[in-house]
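K.L.:
Okay, here's what each chain looks like letter by letter:
Protein chains: 2
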Amino acid sequence: MADKWIYAFGGGLTEGSAEMRELLGGKGANLAEMANLDIPVPPGFTITTTCCVDYLRSNEFPVGLWEGVKENMGRLEKAMGAQFGGGDNPLLVSVRSGGLHSMPGMMDTVLNLGLNHETVASLEKKVGNRRFTYDSYRRFINMFGNVVLDMEHSDFETQLTAMKTRRGAENDIDLSADDLAALVKDYEELVITKTGSAFPQDPYEQLRMAVEAVFKSWNNERAVTYRRLYNISNDSGTAVNVQCMVYGNMGDDCGTGVAFSRNPSTGEKALYGEILFNAQGEDVVAGIRTPQPISDLKERMPECFYEFEEICARLEDHYKDMQDMEFTIQNGKLFMLQTRNGKRTAAAAVRIAVEMVSEGLIEKRTAVRRVDADSLDQLLHPAIDVNGDSHILAQGLAASPGAAVGKVVFTANEAVAQAEAGEPVVLVRQETSPEDIMGMNVSQGILTARGGLTSHAAVVARQMGKCCVAGCSALDVRSNEKLFRANGKVVREGEWISLNGNTGDVILGQADLVQPTLAGDFATLMHWADEFRTLGVRANADTVVDSEAALKYGCEGFGLCRTEHMFFEEGRIDHVRAMILAENEKERREALANLLPFQRGDFIGIFNVMKERPVTIRLLDPPLHEFLPKTDEDMEDVAAILKIDVEAVRRATEFHKEQNPMLGHRGCRLVVTFPEICEMQARAIIEAACEVKKKGLNAFPEIMVPLTSGEREWKFNEEIVRRTAARVMEEQGITVRYLVGTMIELPRACLRAGEIAETAEFFSFGTNDLTQMTYGLSRDDAGRFLPDYIGKSLVSRDPFVAVDREGVGEMVEIGIERGRKSRDNLEVGICGEHGGEPSSVEFCHMVKMDYVSCAPYRAPIARLAAAQAAIEHGAYQRVEVH
Amino acid sequence: MADKWIYAFGGGLTEGSAEMRELLGGKGANLAEMANLDIPVPPGFTITTTCCVDYLRSNEFPVGLWEGVKENMGRLEKAMGAQFGGGDNPLLVSVRSGGLHSMPGMMDTVLNLGLNHETVASLEKKVGNRRFTYDSYRRFINMFGNVVLDMEHSDFETQLTAMKTRRGAENDIDLSADDLAALVKDYEELVITKTGSAFPQDPYEQLRMAVEAVFKSWNNERAVTYRRLYNISNDSGTAVNVQCMVYGNMGDDCGTGVAFSRNPSTGEKALYGEILFNAQGEDVVAGIRTPQPISDLKERMPECFYEFEEICARLEDHYKDMQDMEFTIQNGKLFMLQTRNGKRTAAAAVRIAVEMVSEGLIEKRTAVRRVDADSLDQLLHPAIDVNGDSHILAQGLAASPGAAVGKVVFTANEAVAQAEAGEPVVLVRQETSPEDIMGMNVSQGILTARGGLTSHAAVVARQMGKCCVAGCSALDVRSNEKLFRANGKVVREGEWISLNGNTGDVILGQADLVQPTLAGDFATLMHWADEFRTLGVRANADTVVDSEAALKYGCEGFGLCRTEHMFFEEGRIDHVRAMILAENEKERREALANLLPFQRGDFIGIFNVMKERPVTIRLLDPPLHEFLPKTDEDMEDVAAILKIDVEAVRRATEFHKEQNPMLGHRGCRLVVTFPEICEMQARAIIEAACEVKKKGLNAFPEIMVPLTSGEREWKFNEEIVRRTAARVMEEQGITVRYLVGTMIELPRACLRAGEIAETAEFFSFGTNDLTQMTYGLSRDDAGRFLPDYIGKSLVSRDPFVAVDREGVGEMVEIGIERGRKSRDNLEVGICGEHGGEPSSVEFCHMVKMDYVSCAPYRAPIARLAAAQAAIEHGAYQRVEVH
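Residue numbers (my numbering), protein chains in the order written: chain A, -3 to 878; chain B, -3 to 878.
Think of the hints as simulated: they come from the structure by calculation, not from any bench.
Mixed in with the good hints, there may be bad ones.
Stated by the list, open to error - Cβ pair distances, simulated, as ranges: (1) B/Glu579 <-> A/Asn476: 23 to 29 Å; (2) B/Ala644 <-> A/Arg162: 49 to 55 Å; (3) A/Gly601 <-> B/Leu52: 43 to 49 Å; (4) A/Lys122 <-> B/Ala722: 55 to 61 Å; (5) A/Glu114 <-> B/Ser818: 16 to 22 Å; (6) A/Glu566 <-> B/Asp146: 47 to 53 Å; (7) B/Asn764 <-> A/Glu544: 44 to 50 Å; (8) B/Thr731 <-> A/Glu11: 51 to 57 Å.
In this text, all values refer to a predicted model and were calculated from it rather than measured experimentally.
Every residue, glycine too, gets a C-beta built ideally from N, C-alpha and C.
If we strip away everything but chain A, and leave its shape as in the complex, we get:
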């Protein structure tokens, strides 16, 4: 018995359900589910994703598929009382892709399949609408030509435009039935010219070719790019949905639209959508015509509206989530074409999740899981200050919230080029298309002249968390001339504009920004997340200002305070340079003694804010040449300030140069050469702790040795810290609590973790450097070739963004296992930038770390991701070292 390749839905036989998303794709599973719920869907069937995978492997239809297709077409003929490819009542179908993950605009669709010279005639006779019939046929030829026959859409457009010009028609709708019939002939000629063959007339041949084209489109470049961008596996394949056609373009009692059960931008609980009367669905999604709000349906066809409203409520109740639906009204009858969980902005996701809990629709744990942690980033960034003094150039649709301030660019390529050069850019387009995705991804925001709230630009921008103003019709975009005009003003490439994604304002110049607030639903959700999570969340922070941000964003301490950042400040850098340029230990100690009060003061400031929370302080890490002057002029300045010969400065600068500074004289290696640096820093920390203790504050420094490679080196450093601490406490007559531990950021440290943990009280995995060493990959240099790796799918994700679990992750696991084996209560955290990236946070939970540390403003992301990981993988007991 062959595999079951096909699942029927509607018309009296439904074999699938919502649970079968992997097999039937999201669209197919939901069509089956709607049919099961007795919601009106045009009948059809779904060819499975496994069938697609099989086809892509063997390049031929698997055994039994084609027979199944014919059998199901027979069923549809019976259900509709129609005939595929002939008869008085010709059966027409749509063929659509639909994988496990929705990929808007990525995969291809063919409508009106089954039309040919014969059926077009019978259809005309049947519906009595010649214009509709030929419009359908010309659309079919266009889509089929484009999607299946690999022809250019623009070639068809050119002919359509030519026809309109010939007829003096402004819009498509102004073309008559005969015009369209003539256009069909033009299109058919075009097919012969471009492909060398006539347009296929056999409907089953059309169907076979369309199914194959959908299968193949899984691997088209846009689809691959999209999957790469959203980390979707290349192996799952797409299903194919073959469904009886219904028409929104058969007259004024017809229409087609899309709607959300709640507002996808704000989360407000209200039907939100758009309808185009007398139009086909593709017109909406493509953003070619600007549609009307769905409330217009209520006026024009109240029964349809109320039925639709009722179905929306039922679907939301059924799926327990906000729904994104497509529908068509054919001669007053409502058909649901699709429902799926709707994409939404982070703000909407938070509001919907929280409100659904209070509505009793979902539980807290579901609410916590429902918000994409990374998307919170949108809420943690500034917005345009509406009270600011700004020149509003034009207003469009507030398609995706937030703010964007950048220089105008007109092509995706230019956006990428500018962004690589470090320039913030705003991508301005007539309308966007899937080819623009890379450009959108690097832009601060997107501005389009055409397209509605569900246009490509809007949908993609919301998902990316980018600010987007769409359908700004006042704009006259002239990409070729690298400028746009708006209300009499000309804006050229490279000029600054600002977008307000919350209002739709397009602002000339760089607008003022206001900081986000973290109250309300956001605070509620964060509170729930904190209830669920096991992982602690700390901040990578260096200053008093950072400390305050850390507390505001819910950090429980510092995971990484980089002491060298303090070295660069004015009044200090000269002492640092004097220390480096010292001729002997005595001079070096003098310079360090000058630095001591600054460092001590820094720590007192931080302790005063962080109170009794742990503050992990990393001892000096960067190579010394980072502190030395680079230019001749700077060298002269330094020589003058330090009252030494400029040649001495030059020699020292030359001496400290390194071939591979990443692998050079840095981290605790500096201490092996200059133990007095470590002494000064340990002294500053402990003196600061003693100082605040005098005022009753029991600060808690965790002193961290960077770049440890093995036990002897570790113990050399550790002993200096402990000896210095003991001496300071004796001098002061005060005992303070502190830990001494180390960063684990070299593969060798992971291997030697057992021995290191004999005396190290905590480990903090420095996954930035650990990734560099494990991969042998310089973060500074990888930019030139890592894109080739991602482009050729040789790595799944940039390992500097998300922890490479297979390599770096295993090193971390080895380190934790060996460390904990020799010390039960070893505190383990991570302080690479991965600490604020959700999949890395999940990994940290899976390996049972005690905390992650990240930039303060990413802490809410980490908190939510940690809660999701705990719900997914179960909680555990954290180490208690305090």
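We have chain A already, so just place chain B on it with the hints.
P.N.:
This is chain B only, laid out in the frame that chain A set:
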């Protein structure tokens, strides 16, 4: 019951034996063993090494030690009929260190202990030799003052010289008994002046202080340096030997000497040694007086000579090895003071090992184990061409064989400084001392004006495998003036000289050199080694000349052929640059097409020499900027040659610059960006193999992908190679055998080895880079701080010299285990420079690699080390992939 801290020997009670070297040290164990063999040794006792360790930890004598010392002193008093610290027949003892490993000149010795004002009088009365008595006493004060009281030896020397000047005496021997008695008084005053206390008169106090001083000397700087240099553990401690004094300086029927049972320089089977009549042992070792050949003993005291000869034979037969012995003749009676296995040159080691097998004294496996593999280096280097045209400046003793050509330096510090600057140097000294070790280590050779074949310079140079000419009395060395005079010629610092360690010639200028021969005993030993070893030995070699050397030194194939070395040759580099500067793939392919014939020709040449042996060829590895011009002038040249704008060259050079080139765009990463490079190289290799196959030669390339980090990247590269190979073979209609495999040199590759080995046919561990990545340590930059690590004992050995087993070694083990788990017959080798270093070769054997690869001239070292590892750890079956 307390530990047993003391083991007696001689005088009727011997508690130790040769097996107890760890506990008693080499000297103590051998004294006990000699006593057990009824060989005349002065009786004494040995305080154990564990006692030293205990003392160094607690800083006090362990319980029971002092009681044991007194008890044993009582035993010695009884055995000698003498009294320690009094009586008519005062007992005097020597106190000497002696650890597990012999450390010449490193540890301290005190002779004549027990003398004080009282005993010096009774001794005078007893021996009736006032001069001898006071000479003994003044020597005792000098040594005790220097070693125990931490006074300067030179202060005593100054007084001795002053006394000689006062008395008009040329040599020490010219001083009268009264002179020496006066000198004793001077010395005693000096002690008070320098230490604030009188010289201790209580013999037990002297003994206690001396034992403590020996214990403490374990940690003196020279000892620590020596151990570091020779990789001796710091933890084993030294034993202390307390032994009754016998005297070689009591008259003309007295003498003292050292001798080897065979010639330690050539290996010739003949007694080899020196004697000083009427002298104390320290005079010989310190090289202060030039001694007479031992054959003189035969003339002056034939009975003693024959007894000594008989003892030598007995000891060699007993220890089955060449012996290095110290003896003293006191009034015609021979006493053996020490025997140990003698240090020898590599040439001697080989000859002795081979001859002892033919003498039936040892087995082949013992012979193979007896030669230090690293020392073979001495035999594999060039010697002075004695037929060359050379100006012989002077002749000294041929103290250590080989040749040295370098610039004259007069201090160890200057030697180190010059060597660091890349200059070859010859260290010229009046005589060397332990302080000079670092300088000797970096010099090409050592030349001394004083001292014999067993002087410090000679012993240390032989062990280091350095050429040494000693006792060149024609030299007038004036270090202060930075020059020496010899036979009317003045040679200044920085001038070139050459040393012939085989003849003792000192040659002006740079002498011609001849290559070593590898025949005779050397060939025999290598043949035996090959019988025992499991590991294959291949060559790191790039050219036809290298190929011939590889075969000469016994390599079984190439383990690493670096194709980029071929890129630098004239006629090629321009094409390489054109390739790098190409604006597009088409131009790049054109440049590569121009390179193809060169690469193909290279491989044909190598295959023709290497025949059917495996030739592992690494595809392009270095970052492209290594091929680009550096200076403005070079850039202009390149622009002119390639007929492009110089600005384009400058831009490209700028573009290719990297922050951390070691972690940059190199290895197979280049291929991901430019697959056509790999295609060209694979094509060149397979075309070459086809070409030679036409002439009946079945070459065997193993194509190696560098810097693989994971399976997808590996497969991307592998597929290009296999696809290209298949295409070439189809074009040529010829099938050739080849393997495709990869270097494993990133920690991640070790972790992902299982997946990589699914299709990789071999692994070659690139332990140079693997060390850099595992340690996060740049080989180019480590020179500035790694010495601090070695100095502070934070690493045992430079990990770039010997494989770091604990870290890098574990990564290798993980890689091998995972690789072999997924592919039974995975061929595994190593091609880092560790492949020619004995302890690393042992490691490779322990992890069951199939081969090591190293520079051709180091192959004999690898072969011998591999044999030793197989004997030590057992043989195993190698993978058969051919």
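K.L.:
If a hint holds in the structure, say so; if it does not, say that too.
P.N.:
Right, here's what the structure says about each hint:
1. Under the hint 23 to 29 Å, the C-beta atoms of glutamate 579 of chain B and asparagine 476 of chain A, about 25 Å apart, fit the expected range.
2. For alanine 644 of chain B and arginine 162 of chain A, the Cβ-Cβ distance of about 51 Å falls inside the hinted range of 49 to 55 Å, so the restraint holds.
3. Glycine 601 of chain A and leucine 52 of chain B have their C-beta atoms about 46 Å apart, which keeps the hinted 43 to 49 Å range intact.
4. As the Cβ distance of lysine 122 of chain A to alanine 722 of chain B is approximately 59 Å, the hint placing it in 55 to 61 Å holds.
5. A hinted range of 16 to 22 Å is violated for the C-beta pair glutamate 114 of chain A and serine 818 of chain B, which are about 60 Å apart.
6. The hint said 47 to 53 Å for the Cβ distance between glutamate 566 of chain A and aspartate 146 of chain B, and at roughly 50 Å that hint holds.
7. Taking 44 to 50 Å as the suggested C-beta distance range, the pair asparagine 764 of chain B and glutamate 544 of chain A conforms, at roughly 48 Å.
8. In this structure, threonine 731 of chain B and glutamate 11 of chain A meet the distance hint of 51 to 57 Å, their C-beta atoms being roughly 53 Å apart.
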